[in-house]
Each structure stands twice: as C-alpha cells, then as structure tokens.
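Each chain, letter by letter, is given below.
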Amino acid sequence: MKKLLICLILMTAAVGLSPEACAQTEATAVVETVVEQAEAGPAYPDYATFAETAGFALFTANNIWMMLSAALVFIMHLGFATVESGLTRAKNTTNILFKNVMVVCIGILTYAIAGFNLMYPGVDGGIFAFAGFGVQVGADAAAQVANLTSEYNVGYTYWTDFLFQAMFAATAATIVSGAVAERIKLGSFLVFATIFVGVAYPITGYWKWGNGWLNTMETPFYDFAGSTLVHSVGGWGALAGVLLLGPRFGKYIGGKMRPIPGHSMPLATIGVFLLWLGWFGFNGGSVLSADPSLTSLVLVTTCIAAAAGGVAAAMTSWVFLKKPDLSMALNGILAGLVGITAGADQMAAMSSAIIGIVAGVLVVFSVVFFDKIKVDDPVGAISVHLVCGIWGTLAVGLFGNLAGMAQIIAQLKGILSIGAFTFIFAFVLLLIIKALMGLRVGEEEEKEGLDIGEHGMEAYPNFQPLPER
Amino acid sequence: MKKLLICLILMTAAVGLSPEACAQTEATAVVETVVEQAEAGPAYPDYATFAETAGFALFTANNIWMMLSAALVFIMHLGFATVESGLTRAKNTTNILFKNVMVVCIGILTYAIAGFNLMYPGVDGGIFAFAGFGVQVGADAAAQVANLTSEYNVGYTYWTDFLFQAMFAATAATIVSGAVAERIKLGSFLVFATIFVGVAYPITGYWKWGNGWLNTMETPFYDFAGSTLVHSVGGWGALAGVLLLGPRFGKYIGGKMRPIPGHSMPLATIGVFLLWLGWFGFNGGSVLSADPSLTSLVLVTTCIAAAAGGVAAAMTSWVFLKKPDLSMALNGILAGLVGITAGADQMAAMSSAIIGIVAGVLVVFSVVFFDKIKVDDPVGAISVHLVCGIWGTLAVGLFGNLAGMAQIIAQLKGILSIGAFTFIFAFVLLLIIKALMGLRVGEEEEKEGLDIGEHGMEAYPNFQPLPER
Amino acid sequence: MKKLLICLILMTAAVGLSPEACAQTEATAVVETVVEQAEAGPAYPDYATFAETAGFALFTANNIWMMLSAALVFIMHLGFATVESGLTRAKNTTNILFKNVMVVCIGILTYAIAGFNLMYPGVDGGIFAFAGFGVQVGADAAAQVANLTSEYNVGYTYWTDFLFQAMFAATAATIVSGAVAERIKLGSFLVFATIFVGVAYPITGYWKWGNGWLNTMETPFYDFAGSTLVHSVGGWGALAGVLLLGPRFGKYIGGKMRPIPGHSMPLATIGVFLLWLGWFGFNGGSVLSADPSLTSLVLVTTCIAAAAGGVAAAMTSWVFLKKPDLSMALNGILAGLVGITAGADQMAAMSSAIIGIVAGVLVVFSVVFFDKIKVDDPVGAISVHLVCGIWGTLAVGLFGNLAGMAQIIAQLKGILSIGAFTFIFAFVLLLIIKALMGLRVGEEEEKEGLDIGEHGMEAYPNFQPLPER
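Chains as they are written, first to last, in this note's numbering: chain A, 1 to 469; chain B, 1001 to 1469; chain C, 2001 to 2469.
Looking at chain A on its own, in the form it has when it is part of the complex (with noise of 0.2 Å):
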C-alpha cells in the first residue's frame, strides 16, 4: 500500500502537479484568464454574436480539419510502431511495440508539461506552465472566442493547437525508436526519449516555428511541415544512438555484412500505408487552416512525391540489385514523404514527383551505402528521415516559388545549425544515459531477444520460431 501511494504520487508529480493544488488551480485559472484576455482586447467580436456569422462557420471548418490532421498524425505512431516491429525480428517485437507505444504517451505528457511552452514562448505562461491549462473552459462554451485561440494563430483553438503540435513532437523521437531497436535497453531509451521530445525537439523547434532566429534571418529558413524540424531532427537522434550503440550482434560477421530480414512484411506494409495516411494529416494540418487551396494542393504534392518516390525505389532495387525488393518500395514511399514535407506548399505536382523520385532513388543507395560503411540502423530510419529529409529541405530552395540561391543558402544554414545542435545534444544526452545506466542490454539478452529480458514475455507465444540463420 506504500508503495502504491509512492508510485501515485510519483506519478502525480511526474505531470506537474498535485491533486489539492489542481482544484484551486483551476478556479482560479479561469479568472486569471479572463481578466488577461479581457485586458488584451478582443481578437473577435464576443461569441453569442460572432456564432452567428460566415467567420464562424469557417472558424468552425478550419477547426475540424486541424482536428482531424491531429487524429491523422496520431496515427501515424501506429505507423511507426508497426514498421518498426515488422522490419525487425520476432524475438524483440514486444519491446518495440511497447517502446513505440510509450513514446507517444510520454511525448504528449511531456510536450504539455514543458514542450509547448519552450517552442511557442509567446503562447501562455512560461516554460512548465503545462501548457498553459489552467485554463478551464469546459461548459464555459460561451466565453469569448478570443479565450480559445493563441496569439500566433486566430484560426482555431487553443486546444487544437496543442494537441496537433503535441503530436508531431511524440514523432521526433520514434523515429530513433526504430534506428537502436533490437539493442537498446528499454530503461535508457525511455530516458532519452523523455528528455528529446521535451527539450530538443522544441528548441530547434522555436527557432523556426516559433519566430525564432532561423525565422527572421533576411532570407528566412523554410520548412513547411518539418522535412528538417521533424525528420531530420529524429534522424539526427538516430545516428547518435546508432553510432554509440555500435551494430546487432551478427550483422557483420568477419566483416561480411548479411542481411537480417524483418520478420513480418504485412506489419511493414500495414506502417506504410498508415504512415502515408498520417501524412494527409502532417502535411495537411501544416497549413494551419482548412484553406481549400492550399491544403487540397499540398495533399496533391504530398500523395505525388510519395507514389514517385515508392516507384522510384521498387524501380531502383530491381536495377541494382536484382529483385524488386519490397522493403525497399516501402520505404521509397517514406522517402518521397519525407522529401517533399519541407516544401509540399511551394511545389507543382510536377516538381512534386521529381522530388519524390530522388528521394525514391536515394534512398536505396544510402541504405545500402550505411549498410557498407557498418552503421546498423535496422529499419532504415537514418536513410529515410535524415537523409531524405535534408534532401527535401535542399529542394526548396531548387524547386518551386521560392527556388534560388539565397534560399538554397538559408536552407543548408537551417539544416548545419539544427543538425549540429540536435547530434550533439543527442550525443551527449546518450554519452550521460551510458555512464549513468548502461545503453546496451548484455549479449546473451540480445540474442535470446529484448522481449524475454525486458519484458518477460513474447510476441507470439503460440507458434513455433525458426533458428536464426
């Protein structure tokens, strides 16, 4: 009974909060709130009246689609989770499940306690102010409208904001997941994770999204939906785990490299599908309002670049080497969305499939090429989002309504400064988790598998496993 209330109130403190102190909090919050707002004047007329006109109607619809491109990149960790475990082998499929379910969890507890703030300052309250909420607006519907939006966004909720930025900031650090599965304990992961999304991933994160420096440079840094802020950032988190954590036992073998096979293509593909899904969603909900030429545009740009880039690949693989390679399609599909995020607004359908197909192409040959150089990324998550997405960040500044060289310039400076912070961050966050809890679990628990030594239990426990080969 002890230990139970110490857990709860573990816990409790782990969201920033005391229950005695959450009541008051939030009588008070709603006052406090009030008066600020009723201070700063009104951005909207008040909201009896203003439910009444077209501007509501259209508030109204663009709130639904930021919603929904929530709900989408929501799913896009279903996505990953499923990718992830049927690109890797049976025995360590519980791990990544639960490694990949507890990441969007954390990713959403942490982004409220700390994440919001640090990447949009301007918002609510200051850094751990939990997303600003104290603020209670329940059956309070009828407050001014002004109450319910941020002062850098009047289209849709405060709510809405935050609950489609929280999602994007859990993806930053599941795309590692995949990178140091099937070796990483899960103690040290979930560490890194917390501590990622929590504070790197916001930091760069301001710096463009919330009118940070990489913002108001003469020829600004453009990253639409997150090519280098998103993917780029994850990928950069992967090579630092990848390169301390060193390749799966059996991966090279007197120098060799050999193949090892996920163990399940319908998960792989399923992740791709759903991934590709989100991405209406990613990419959709980045134009921050419903704005049917703009987010009808960048769906066209977004499905273009991802079937030229799946093409591209399948095409490539069956070239080079030799069969048309399924996980190498998939993840040409990966590519062509990851190459066209950071410009999916500024780009042709034709522009659009150019991209895609380089990406596509790309994307095989840095797979193969980490694999030669003994960089062990399971997944190809390295591949797909650093390398894809520093290539989609480029192609702004090659393609489309803002191509040219001062842009091309801007470009890599966004890519050098948020790459070098977010590797050496990473880096030295792994170097602290090594020395302090151990990043690898020991060879006997990797060959037997992560699901029997973290977790006790395995995947399928009904059906009779090949010896590895």
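Hints are computed from structural coordinates only; laboratory data are not their basis.
Beta carbons are placed, not taken as given, at the ideal position from N, Cα and C, and that holds for glycine.
Treat each hint with caution, since some may be false.
[What the hints assert, rightly or not] Simulated restraints, written as ranges between beta carbons of each label pair:
id: 1; chain 1: C; residue 1: Gly-2438; chain 2: B; residue 2: Gly-1456; range: 31 to 41 Å
id: 2; chain 1: B; residue 1: Lys-1374; chain 2: A; residue 2: Met-257; range: 37 to 47 Å
id: 3; chain 1: C; residue 1: Gly-2254; chain 2: A; residue 2: Leu-466; range: 31 to 41 Å
id: 4; chain 1: C; residue 1: Gly-2212; chain 2: A; residue 2: Trp-213; range: 53 to 63 Å
id: 5; chain 1: A; residue 1: Lys-447; chain 2: B; residue 2: Leu-1416; range: 48 to 58 Å
id: 6; chain 1: B; residue 1: Asn-1215; chain 2: C; residue 2: Gly-2212; range: 50 to 60 Å
id: 7; chain 1: B; residue 1: Phe-1249; chain 2: A; residue 2: Leu-321; range: 25 to 35 Å
id: 8; chain 1: B; residue 1: Pro-1259; chain 2: A; residue 2: Gly-187; range: 17 to 27 Å
id: 9; chain 1: C; residue 1: Gly-2255; chain 2: A; residue 2: Val-368; range: 47 to 57 Å
Chains B and C: place on chain A using the hints.
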C-alpha cells in the same frame, strides 16, 4: 432452392419488412413526413434560402464532424476485434474475429429496427419503427432541412444521428465478447448480443440520454460520452457472462493461477491504437456538434488521460510485477480513455491527467485482483470497462466543473441503477440462453480451439503451432 | 553511375516531363491559367471578398469533406492489401503486398499523366496534360477561387477533385490483383495494371461520369459511386485474368476441388473493416459535396447494406456450408457494400437492407459456383466485385427513387457495354502481354511461392511454416 427462399424470407423478416411492402412504404412515407413537418412548422427557413446562410455552412460543418465521428467510432470495432484476438490464443482467433464482425453488423441492424426508437422515443414513429426510416429523402435534396433533423437535435441530420448512435450501441456487446472469449458457444453469444444491444442498452441509454429519469433528477446524473452508459454496461454484461461461464480450462490448476498469454502482441497494439483513434470520435462526437471550444477541449482531455493511463499502468506493472508489461500498458491506455469518458468536457487538462493516472494504476490491480478471485477475463475487459467506467463516472463528482457532493450522489445513483438493471438483465438472459441452447462449448472443443469447433477453419493454417505449455 | 542516370531519366520520362522543362512550365503555366480564367469570367467574386462570405465557409467545408473522402478511399488500398494477402498463402504474401503497394503508386501517377484528362476531357488541357498540373497555385492563395475549380465542378478545388478521382482509379486494378494472385508474373501484372488504370478505366468512366453517351441517353444510366464503373470494371479485368491464367496448382486434383485456405484471418478481417471504413469516403464523397442530407443518407444506406450483407452471408454459409464461415461473412460485407454503391443516394434504408441481404446470399453461391466451374479466384474478387457490382447496378432499377422499367433497361445498357468493352480490352491486353512477357510463373516457382521467386524475400522469415496439406 427452397432452402434459399426460406433463408431470404427469414432474413427479410429480420429487418422488419417484406420486399413488396417496401416500395409502397417509400412512396407514402415521403408524403406523410412532408405533411407532418409542415404541420409542425419548420425549424429552419426553406432549404433554398437556408443554403445561402452562415447557418447552413455551420450546419454542414457540424454534420461533417458528426459523420466523421461515426466513422471513427466504427473503426473502434476493428480495434476491439484486434485487441481481443491479440490477447487470446491463436486457436480461438477466427471465432473471436467472427464474433466481433457479426456484432457490428447485428448492432447496426438491431439499432435500426428497434434500438434507436427505444432509446429516443421522441424521435420518429414508435418502437420497431425501423428508426423512422420510412422517411426517404434521397434525391430530394431540396426537401425542408427541418425534415432532416430530429426534435431533440437540430444541429445535424437525422441520418447522421442514427449512424453515430448505432455505432455506439454495438460497442456494448463487443466489450462482452472479449471477456467471454475462448469458451462461449457462438450461437449463444450471438443471441445474447442481439438482445443486449437491441433491448438492454437502449433502455438504460434512455434513462439518461433519452431524457429519462436519471436526466430529470434534481441534480442530474452526468455521463458525457458513456463511461457508464456504454462501458460499464458492457462491463456488467461481461461480468455476468464470466461468472456464468467459469474460467477457461487450464487457467487455474490446483488452485494456482496460470497466465495464458495472448497470441499476438502486434494485433493487441494495433487494437489499442485504433481504439484511441476511435475515441477522438467517441468523445469528440459526443459534443453533438463541432463546437470548436468543446470538441477540442474534449480531444485534449481524452488524449492526456489516455497517455497518463498508459504511463501509469506501465510504471505500476514495472514496480509491482517486476517487468514493464506491454499488455498492462495497453490496458492502461484504455483505462485512461474509459475513465475520462464520463467527464471529458468538464475537466481541465490537469484533472484529466489525474483521472488517467488513477485509472492506469487501478486497471493493473484490478486485473490482478480478478485473477486472484478466479474471475477469468482473458482480455481484462471487466477491469478496463467496468472498474474504470465506474471510476470515471465518479470522477465527474470529484474533479472539474461539476465537482461536489450532490453530483457524487447523482453519479452513484446512475452507477448503481444502471449496474443493477444491466447485470440482472444480462444474468437472466444468459441463464435462459443456457437453458435453451447451452452456454459453453465442450471440453474437447475448448482444448482444440473454437476455430475448428465452431467454424471448421483455422486462423493461421500455414504456420506451425507450438504445443500449449 | 551510368545505370543510375538511365534509371533516373527513364523514371523522369515516366512522369511525363524532363527536369529542365519543369521550371519553365511552372512559370508560364501560372500566367496562362490566370489569363484563361480571366477570359472565362470568374465563377466567384474575387477571393478576398469571397473569403468573408457564407459561401466560402461552405466551400471550405465541402472541400474538407472531399479531401477526407479521398483519404478514406486511399486507406481502402491498405484494406485490399490486407484482405488479399490474408486470404492467400503465406508463401505469396510479399508478392501480393508488393503488387498492392505498387498499384496505388502507379495508379496515382498514371492518372495524373493521362487518366484524369482522358476521363474528364472538359477539365483542363488535353490527354497527357499531366492533369493540367502546369497550373501552380501554391503560395498564391489569394488567386481567384475560380482558378481552383473545374468547369464541371465548382464545389471544391481542382486539386481535391484530382486526388479523389485518382484514388478511385487505382481501385480497379487492385481488384484484379486479388483474383490473379499466387500465380501471375509480377512484371506482367504491373504492365497490365498500368495500362488498365491509365486507359481502360478512364474510357468507360468517361462514358458516364465524364458526361459521355451513357449519361446523355434519354434515360441515363445511373451509377452513383461505381458498382459498375469501378467494381465491375475491376471484376471484368479479374475474370479475363483468371480465365487466361487457369487455376492454381493443387486447386483441382483429379477433377475435385480442394480448398486452399488463406493464411491469416486477422489480416483478412483488418482488410474488410478498413474497406468498410473507406466506403464512408467512397460513397460519401461521391455526393461531390458535403450536402448534409445526401451525405448522411448515403452513409446510412451504405452501412446498413454492409451489415445486412455480412449477416446474410454468415447465415447462408451456416445453413448451406454447415459452419459459419468467417471469410464468407467478410465477403458478405464487401458484397453488401459493392451492391449498394450504384444507388446509395437513391435508396430508403429498408431498400438498402434488402440490397445488402441479396448481395450477401449471392456472394456465397457465386463463390461456390465459380469454384465448381473451375474458375479459381483465390479471394472471391469476381463474386464480390463483378457479380455484386452487376446486382447493385440493376438494383437501382428495382428499388428507390429511380425504380422502373426504363431505368432497368438503361442499367442493362451500361452493364453490358462497359462489361463488353472492359472484358475484351483486358483479355486482349493480357494476350499481348502473354505473348511478349509471359503471364504465369513457372510450376517450380508457384510451388515454392512467389515471395522467393519474384522478390527473393519471405514475408515471415522467423516462423516455422507448415508443409502444405
């Protein structure tokens, strides 16, 4: 051929009409409704004028949100199908999938025939009025908008209303399915599910959502989206089923509990992610409009409770069961979701975190507790839906806008009255079914698996099964 | 490196342009379109004014619905991928997934290059105009709204239109994929799919939806969302393929049919649920606006037909095949969905129940019938999509608003003309492919499985397969 005819006629009868009657009904019903509506006076101006107004744009936006919410609740049935089959053994997978597939189908049809009118008697026509669907709008899009809405709701169309409610209804029976898995006779379950969805669920639903006595008490019982009305109802049905069926063979040997792990962690994980996604519609749609402030607040409280529940259950299992248990983490997420459902629109984000944490801790101890007292619930449905459904309903009295002693008492009234009615209804119904058809498959069949026994087909005929340990 | 260059150039050519041409095209196309549009006269007032109106809010809402419908139709491709791989053997899983992944990609690209303009010639530019996507709107969100819509549709943007239609197009080829599974050569299938989606589908599509002769007859042929135009078209292609390929080895031994069960019931079930979900967009989006009455009516008829089809097929299999067959229940749901598709907006709920019931009964007997006459269709695609597609198209003349002899005749004209054209097209195309590349893999490869033969990789390398029985 005669067999075929009988089959057809039976099934036609089952949906409440003969083919000949149908054409007529259609023709006359349109006329009748127009007349009725004209007499009642239109709630809106005529359609053509209305379509130009901001009100119509808002009506359209609300309707989109509600239709998509229905779609999201629909996909929860896939979530239930995968989580329940993932957490049970491979030899019963076909059976579980079949039950879950049938329950959605039966649920929709039953609700159309009787449930909808039973639950919302004011709506249109009487009980067994086939949801008032004599009304045919079809190509007649220029009909009065008043025609398209029901008395108790003018924010979206009558059809949307039915669909959203029908998707909810089927959920209650699906919850039972998991708890009674691996031993209940297929036919017996289907009869139970049909009557449970068609009669028991709408009756208690009427008490609150149909503006029955629980809604007209001095301090009305509050259950926003169904912690009690949907989840506990399912949970009480599950408890009745499990008590009458007894534990699975091999679960308790010599008085000692033997864990029977589920056969596929990926399926279980897919299920939980899809359920979480579906909850965007389950709770978000329960606002019954796309009201920007309320819907987005609800999504935030829902996701924070889910995340908190997942982390809490994972940590609790780590501390008390030695290893971080994936199925506990998954059930923790569901626990958080069930817990927040009763008050998702009444809570500050912080309160929702606490509600989720408590639910996550509770579900772990509840699963252990029911195992100890030999109530064998293969997927933990009773712990998730009944225990956390009660917790969530009570939480409305403890946190948020409605907190207070009067509300706590109102919540207890709802919990107890609905619990007593549902448990007794389910128990008696199952007793009758037991007497008439039997309830449990034979020992031989249970050992071999219900896939062969009930369906003559295996779920995974291409893989070597392991002998049971 | 030379190989790489050739590969790049080929693929670039494959999307219909060279990189150099692109930049230019972009620049000039914007200007041209603006000029064209100015000459044509704007359908709407200028964007800035329009954005303040109720009309714009409605335009935005409609566009949201159509974009989400496109997303839902997209996810049907995952549904097809899982249902087809679930209903076939584990040794051909990678191959089936690869085909389904490629078909979406190829379908989108092909439709962009040629299909869209072939099907809707009035739209913009001629055939091979890359969907008129020279038009670059991009950041230019203040452009005339007229710019964003097409002649035949002013309710949502041109991009949304393309995306929704492209997702439809790919469906036709995906249906074929299932029927020819486990024996067709990969390359041959991909060539067939490309030409089938790019040429055959848009031609018959044009006959009706592009306002061709079937639409301008005295009593126009009616096919709301594609029972004939999509599903039967796929079904006729499937029939042609199956007839030319012949049955799988081991399906008929000594004149007796031997059932070959699919390898994963969970995959098949996931697929059917996702297809049902996707049908919310397939039928709901075919309203071509978010019109509240029509869209919600369509969702109700769609879901009731699906539910009725599922129950009917389950009961039929229970009565006639002795045991309730899960794959029959699943195909029954699909049968109901295909059946209601032609008239989903014309039916009362009761009629849709009858249409679903008949489809559900029909599909069981059809599957048995085709097995008997040795037409080996591993997933039942011909029964579901062709037989029930015909049934659904006829049902428009039997039930609902359009019922009548003249309509029945119009429906027959559509069914026969489209059927004749598509079957002959597919048959001749496959004959040519057979002559040039061969159609069927060798006996050795078929027995070993196409995963090894065509892709050199297994779908489940970690599990012990059972020898085939």
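Hint check:
1. For the pair C/Gly-2438 and B/Gly-1456, the beta carbons lie near 38 Å from each other, so the given range of 31 to 41 Å is met.
2. As the Cβ distance of B/Lys-1374 to A/Met-257 is approximately 53 Å, the hint placing it in 37 to 47 Å is violated.
3. For C/Gly-2254 paired with A/Leu-466, a C-beta distance near 34 Å keeps the hint of 31 to 41 Å intact.
4. With their beta carbons about 58 Å apart, C/Gly-2212 and A/Trp-213 fall inside the hinted range of 53 to 63 Å.
5. Under the hint 48 to 58 Å, the C-beta atoms of A/Lys-447 and B/Leu-1416, about 55 Å apart, fit the expected range.
6. Taken as a hint, the range 50 to 60 Å holds for the pair B/Asn-1215 and C/Gly-2212, whose Cβ atoms sit roughly 56 Å apart.
7. The beta-carbon spacing between B/Phe-1249 and A/Leu-321, approximately 50 Å, falls outside the hinted interval of 25 to 35 Å.
8. The hinted range of 17 to 27 Å is satisfied by B/Pro-1259 and A/Gly-187, whose Cβ atoms lie roughly 24 Å apart.
9. One distance hint, 47 to 57 Å for the beta-carbon pair C/Gly-2255 and A/Val-368, holds here, with the actual separation near 51 Å.
The structure shown violates the earlier hints numbered 2, 7.
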